[in-house]
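Visitor: The lines below spell out each chain.
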Amino acid sequence: MSPAFAEALAALPDLARSHLLLSGAAVGIGVIAGLPLAVWSARSRRVRAPVLGLAGLIQTVPALALLALFYPLLLILGQRTGLAIPALGFLPALIALSLYALLPIVRNGVAALQGIDPGVIEAADGLGMTGRQRLRMIELPLGAPVILAGIRTASVWTIGAATLATTVGQPSLGDLIFSGLQTENWVRVLVGCAGAAALALGVDGLLALIEAGLKRRRPWRVRLGLLALVAALGIALLPSRGAGGETVVIGAKNFSEQYILASAIERRLQAAGYRIERRDNLGSTVAYQALAAGDIDVYVDYSGTLWTNILQRSDTPSPEAMLATLTGELYRRDGVQLVGALGFENAYALAMRRGRAEALGVRTLGDLARAAPRLQLGADLEFLTRPEWRSVQSRYGLNFACQRSYSPTFMYRAVEGGAADVITAFSSDGRIAALDLVTIADPRRALPSYDAVLLAAPNTDPRIVAALEPLVGAISVERMRAANLMVDRDDDKRTPQEAARWLDPAP
Amino acid sequence: MTALSIDNLTKRHGGRAALDGVSLAVEAREFVALVGPSGSGKTTLLKSINRLVEPDEGTISLDGANVRELRVAKLRHGIGYVIQSIGLFPHLTVAENINLVPRLTGADEDRAAELLELVALPPEFARRYPRELSGGQQQRVGVARALAARPKLMLMDEPFGALDPVTRDALGRAYRALHDQLGLTTIMVTHDIAEALLLADRIVVLIEGRIRADGAPAALLASQDRDVRAMTDVPRRQAERLAAL
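Those sequence lines, one after another, are chains A and B.
Counting from 1, one number per residue, gives the positions in the first sequence under the working numbering.
Counting from 1, one number per residue, gives the positions in the second sequence under the working numbering.
The hints are simulated quantities; they were obtained by calculation from the structure and are not laboratory data.
Be a bit skeptical, because a hint or two may be false.
Said to hold, decoys possible - The calculated lysine to aspartate or glutamate pairs, modelled on DMTMM-like cross-linking and capped at a C-alpha distance of 20 Å, are: (1) K493(A) - E478(A); (2) K152(B) - D227(B); (3) K152(B) - D63(B); (4) K74(B) - D14(A); (5) K215(A) - D63(B); (6) K215(A) - E96(B); (7) K215(A) - D204(A); (8) K493(A) - D436(A); (9) K152(B) - D180(B).
With the hints as extra help, turn the sequences into a complete structure.
Guide: So this is what it looks like as structure tokens:
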């Protein structure tokens, strides 16, 4: 069995359990909130239109965006109320998925209740049933198959959408899919997809059993289905293997280097006896805010990113001055500790294929500005909205014929295949050398330095910081590039864990 | 003894009056048929009695008590209600359907066997589901269910309207026999004038929300009112044409 497959399989049980718990809780809330809404909507036309409209509206918001929206909302809510509301992880994922589950449950609920023979309803009323008796004894039993079909739809949707919970820091089978996509580890992607599909099919099958039992009035089928569902949730609720010890939550953004460094941190902390939770695939600003809020304990960021995004500065001082200011300012602002620089830089650098750059005579960004109106820029997902891009544009007057955003992996594919002439590469990326790209010089210092720095949350246990101190200044840019390439290349591809072991063999 | 007394009942739907000052007194053990064209207000009048419809004006008294002062559920438990669409609960067995009202009132007695016998259905029907029964059998169960809590008053809204003519006639006569046997007071809405003439002791003709005629079948047949005559002429002519065949 390949290491990638073995690693993906080893991660599967815990991720599947957390995936199932999240989906189960979301559908549960969807049912608890959705059924009364459905009853109310079926009884009153004035309620029905806005409720169905709102639920439909929520459904049109892409699930990814809906999940991302609850992070800032909960953050603001926590700040306003002064309560310790976790803005990352289970809570935002649960709220978003519950809302997502609402539509099929409400819509089928309304259809179920309205679809009941009016003669039956008239008879129930005429015999002297109260509204509640009619609901309990007549409407719910008769509507049950249709209501359950709605719950089935909601379950399948929710289990699918729960893979996206990864992006707000909630472990799910999406962890395998997202990290696999970023590192082109298709085995990981497939294991994640297959796991989510198997969960969806399994739950759907059990609900189908219950539905058929209700429709044909076979109580044992209903009981069997319910029992199996409860058992599955019970297994998901069991404490995970290797419990015990204090838990440290490690964050990572969504590219190979971040996974490798998070794995290196994980190895160091495991060696020190800590239990680890990972929150991979966080957005750039989400990661910092999550750290400041204490939702994650440690992660690696880059000085220039913190400088422009968090401190909102546009000047470009020397790397040493920038580090010193960051250390003081981040602590003063948010209590965040800058443990130290790891020893390498991962700067934004515009890069081209060597032959193309030579043919156009491009060596500096000034040269590039002349050629740019005929060239296509391929950027990563955030560069075009970052202050660095405005800085480069204003200092060199860069204007490209066309600009496209890609996820990092596909950005390199684009320059390799010629779909993009210039890309926003990362200076520590192993693919620069592997694809024979050249980075374009920035003589006017439009781009700040991007030293990789280890950040720790406010009030992090000094022993955790001490366990990570050996990583400070220990990673050269050459070694980081080599480790990145191990993960990103197509031949003899390694997993981030393997690369981390190579990068920092000590623990 | 007056079992039911309706006084000056008015019900408006939008601008139109469905009932326009209707007054009616029904004696205990009387079998009253409410007839009239569609939209004449007969169903509205019937449903006002068990408060499925709340009138705008007027009062209804049942055994001397104003129905508006009774709890709705309690009022309806004491009145049998049979409708054209039958409305048996498809997820309950025949026995469960029949025993439903006793269950609601807490009496919790199993009268299924006794009532099935009363409506001339075999006892093994108790365990069957409504969909396994023919339309006529279903409505017999509907009548049994309405009788389960031993009501004195039966309200029937086109009870046999959806049945084929043979079943309809048989069921009508069977019910009339039950009415006499159990000493019931029955108010039946029908637009089959022949059925009304043959089953009821008294026929009340409603037209445009008002009582146009009220009397025994023979009196009604003798009525000179143009609209009433138009109604009674239909079965009379049919009978003449049948006799001439």
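Visitor: Now look at each hint and say whether the structure bears it out.
Guide: Do the hints match the structure? See the list:
1. K493(A) - E478(A): At roughly 18 Å apart (the allowed maximum being 20 Å), E478(A) and K493(A) satisfy the hint.
2. K152(B) - D227(B): 33 Å, violated
3. K152(B) - D63(B): The hint holds at about 10 Å.
4. K74(B) - D14(A): 57 Å, violated
5. K215(A) - D63(B): Violated, at roughly 44 Å.
6. K215(A) - E96(B): Given pair K215(A), E96(B) holds - Cα atoms ~18 Å apart, limit 20 Å.
7. K215(A) - D204(A): 16 Å, holds
8. K493(A) - D436(A): 19 Å, holds
9. K152(B) - D180(B): 12 Å, holds
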